[in-house]
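Visitor: Protein chains in written order, with the numbering used here: chain A, 1 to 254; chain U, 255 to 577.
Keep in mind the hints are simulated off the structure, nothing from the lab. Some clues are possibly wrong.
Stated by the list, open to error - Coverage of chain A stretches by chain U, computed from C-beta distances (three or more under 8 angstroms per stretch; other residues unrestricted): (1) 110-122; (2) 197-208; (3) 241-253.
From the three backbone atoms N, C-alpha and C, an ideal C-beta is built for every residue, glycine too.
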Amino acid sequence: MHIVVPVKLVPDLVEELVIDASGCALDPDTLRLQLNEFDGHAIEQAILLKERGGGQVTVIAPDLEGVDDVLYTAAAKGADRLIKLCDSFGQSVNNHAMARAVAEVIQPLQPDLVLTGVQSHSDLDGAMGPLLAGYLGLPYVGYIAGVTLSDGRATVRKEYPGGLVAELEVTLPAVLGIQAADQPPRYVAFSRIRQAMKTATIEEQTVAALDASGGPVIMRMYKPEVAARATMLDGGPDEVAAKMVALLRELGVL
Amino acid sequence: MSQDIYVVIEHLRGQMADISYVLCAAARQLAAASGGQVVGVLLGHNVQGLAQDVAVDRMIVMDDPQLADFIPDRYQQALAGLLGAQAPRVTLFGDTSIGAELAGGLSVQLGWPLVSYCRSVRADDGRLMYISQLCGGKLMAEGEIPAPHALVAMVPGGFQAEQGKGSQPPPVEMIAPAATAGGRIALKQYIEPESGDVDISKEAILVSVGRGIQNADNIEMVEELAKVLGGVVSASRPVVDQGWLPTTRLVGKSGKRVKPRLYLALGISGAPEHAEAITDSQTIIAVNTDPSAPIFDIARYGTTLDMFDLVPALTEQIRRAKQ
Ligand SMILES: Cc1cc2nc3c(=O)[nH]c(=O)nc-3n(C[C@H](O)[C@H](O)[C@H](O)COP(=O)(O)OP(=O)(O)OC[C@H]3O[C@@H](n4cnc5c(N)ncnc54)[C@H](O)[C@@H]3O)c2cc1C
Ligand SMILES: Nc1ncnc2c1ncn2[C@@H]1O[C@H](COP(=O)(O)O)[C@@H](O)[C@H]1O
Numbered sequence: 001m002h003i004v005v006p007v008k009l010v011p012d013l014v015e016e017l018v019i020d021a022s023g024c025a026l027d028p029d030t031l032r033l034q035l036n037e038f039d040g041h042a043i044e045q046a047i048l049l050k051e052r053g054g055g056q057v058t059v060i061a062p063d064l065e066g067v068d069d070v071l072y073t074a075a076a077k078g079a080d081r082l083i084k085l086c087d088s089f090g091q092s093v094n095n096h097a098m099a100r101a102v103a104e105v106i107q108p109l110q111p112d113l114v115l116t117g118v119q120s121h122s123d124l125d126g127a128m129g130p131l132l133a134g135y136l137g138l139p140y141v142g143y144i145a146g147v148t149l150s151d152g153r154a155t156v157r158k159e160y161p162g163g164l165v166a167e168l169e170v171t172l173p174a175v176l177g178i179q180a181a182d183q184p185p186r187y188v189a190f191s192r193i194r195q196a197m198k199t200a201t202i203e204e205q206t207v208a209a210l211d212a213s214g215g216p217v218i219m220r221m222y223k224p225e226v227a228a229r230a231t232m233l234d235g236g237p238d239e240v241a242a243k244m245v246a247l248l249r250e251l252g253v254l
Numbered sequence: 255m256s257q258d259i260y261v262v263i264e265h266l267r268g269q270m271a272d273i274s275y276v277l278c279a280a281a282r283q284l285a286a287a288s289g290g291q292v293v294g295v296l297l298g299h300n301v302q303g304l305a306q307d308v309a310v311d312r313m314i315v316m317d318d319p320q321l322a323d324f325i326p327d328r329y330q331q332a333l334a335g336l337l338g339a340q341a342p343r344v345t346l347f348g349d350t351s352i353g354a355e356l357a358g359g360l361s362v363q364l365g366w367p368l369v370s371y372c373r374s375v376r377a378d379d380g381r382l383m384y385i386s387q388l389c390g391g392k393l394m395a396e397g398e399i400p401a402p403h404a405l406v407a408m409v410p411g412g413f414q415a416e417q418g419k420g421s422q423p424p425p426v427e428m429i430a431p432a433a434t435a436g437g438r439i440a441l442k443q444y445i446e447p448e449s450g451d452v453d454i455s456k457e458a459i460l461v462s463v464g465r466g467i468q469n470a471d472n473i474e475m476v477e478e479l480a481k482v483l484g485g486v487v488s489a490s491r492p493v494v495d496q497g498w499l500p501t502t503r504l505v506g507k508s509g510k511r512v513k514p515r516l517y518l519a520l521g522i523s524g525a526p527e528h529a530e531a532i533t534d535s536q537t538i539i540a541v542n543t544d545p546s547a548p549i550f551d552i553a554r555y556g557t558t559l560d561m562f563d564l565v566p567a568l569t570e571q572i573r574r575a576k577q
């Protein structure tokens, strides 16, 4: 069982987001990048499947700031092979272009399973999972919380609103979009990551020229204007608590 | 090729999804500018009676036992045949666990561009424009919907469902799917949501916790507050994914829509997938240390105090107020 997990680095939303001079993109110099949350779940799911049934896990990531840490952390968790995609791409590369490039890297690996995060918040032309599946000619199911493998098939739990789940059976090889792993992503001590930095190797692969067709052009990027922001309650904890109690009375909740 | 705007009507197990109406509202705007019709596309089995109140000019129904349940590859094949043949100007999908994967797969299969996270659409000098939300609602991106054909996946928020409702059932055209081949994905069963716990969609007071709660042990502090308030504890997705609270308490796109009199959001950023499900709350009060958190855009009252400082003080004062 060979499981490939392509992962993405996305802007940390707790930081201030700065739009660049063109007015159409985020300023890459001010961004702090971190692993897309759902990719943490995809990596965890891959490692869990390997632990249960054996196999190999390959993690692929584009060469952006912080990528080595992300790859070594995956190795510390149990990933076997680390691949860094090298090119001059920045954050602005769209997903159609990335999916074509990643498909070319994945194809020769002949994986049984490709796990992507279900989506990320920083691109506009659809999640990579279904695009990648399209270019690889594989079936795709997304919004998955739970995977088991047997007899060349994956049984997956696909989430619908309200807590309804559909159990689907997918013939392998396949691409799955992971919303949540069977178990929360494991914590790995920094000493183990440092260990991985010494023992694991990151392979570099140069991707072919990127083809961005299939994504829309952004003509303007801006922060949303808000109709009305919350009335802020100022003061220390006791003061604010007192104001809230008064509000709750007014609202008839108390 | 036509100037029509197609809407893929979303439904699940006999229930229309609200997003379908939102799509129709958006489609009406686009059709007014493109000069085409709004055409609904309904896939399923014995679903003809389902979408009687959508604001479409006509409805294409693809009825087939193979389409009785949402099976991604079968639905994609059926739609690829139809859209390829009819070549509408724009096709709208819900950016949901059904629509998003169809739109992505079809974008590759048909070679048509895809715009996702679309919140609103408008016409500008005859050009059809999208307005999408990025970065958890902290940014908007705007541009032209690519021509001659494009797929657009929409999130709620830009249009009211009411705007997409029609007064009379649309004329129906039955079209047999050219292909429902797939066969690589099969439905085994549905697993019903857990029951037996409280139903948060019916509660009047919700004390809701997000990732700001940090760990399972801190849940107790919030339970305490909920108890003195006479409410129950609900949560955002990370809290449930960590197993700190059961799925029954999940508020949001993949959880429940809620409409309490009071929604007290503690350490929740207000990501679109969470925010969309709390907009019917009577009053939202948000506690979040980040003054730029989007939750403050939908809350009536807020504070940037640390929840670990505020919650004990608040619990104590409410307890006293009740004596
Ligand atoms: C398909 C899909 C479906 C989804 N469905 C849902 C869903 O149903 N429900 C849902 O909630 N999410 C859902 N999500 C996830 C959603 O996108 C967000 O990731 C999630 O809502 C974030 O949860 P959060 O606000 O608790 O965490 P974060 O976004 O991490 O926010 C935590 C907040 O806590 C604040 N904070 C930290 N410490 C403190 C403190 N001591 N005091 C006060 N404030 C503090 C921080 O400033 C921050 O704003 C879905 C995502 C996808 C892709
Ligand atoms: N540039 C990329 N490199 C590797 N994987 C990616 C990249 N972009 C997206 N992915 C994968 O696709 C998932 C969905 O993200 P997105 O397509 O951005 O919505 C991510 O969680 C990753 O698993």
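Visitor: Look at each hint and say if it fits the structure.
Guide: Evaluation of the provided hints:
1. For the stretch 110-122 of chain A, the assignment as covered by chain U holds, since 3 residues bring a beta-carbon within under 8 angstroms of that chain's beta-carbons and 3 suffice.
2. Given a C-beta distance limit of less than 8 angstroms, the hint that chain U covers the stretch 197-208 of chain A is violated, as 0 residues qualify and 3 are needed.
3. Residue count for the stretch 241-253 of chain A with a Cβ under 8 angstroms from a Cβ of chain U: 10. That meets the three needed, and the coverage hint holds.
In terms of the numbered hints stated before, the structure departs from hint 2 and from no other.
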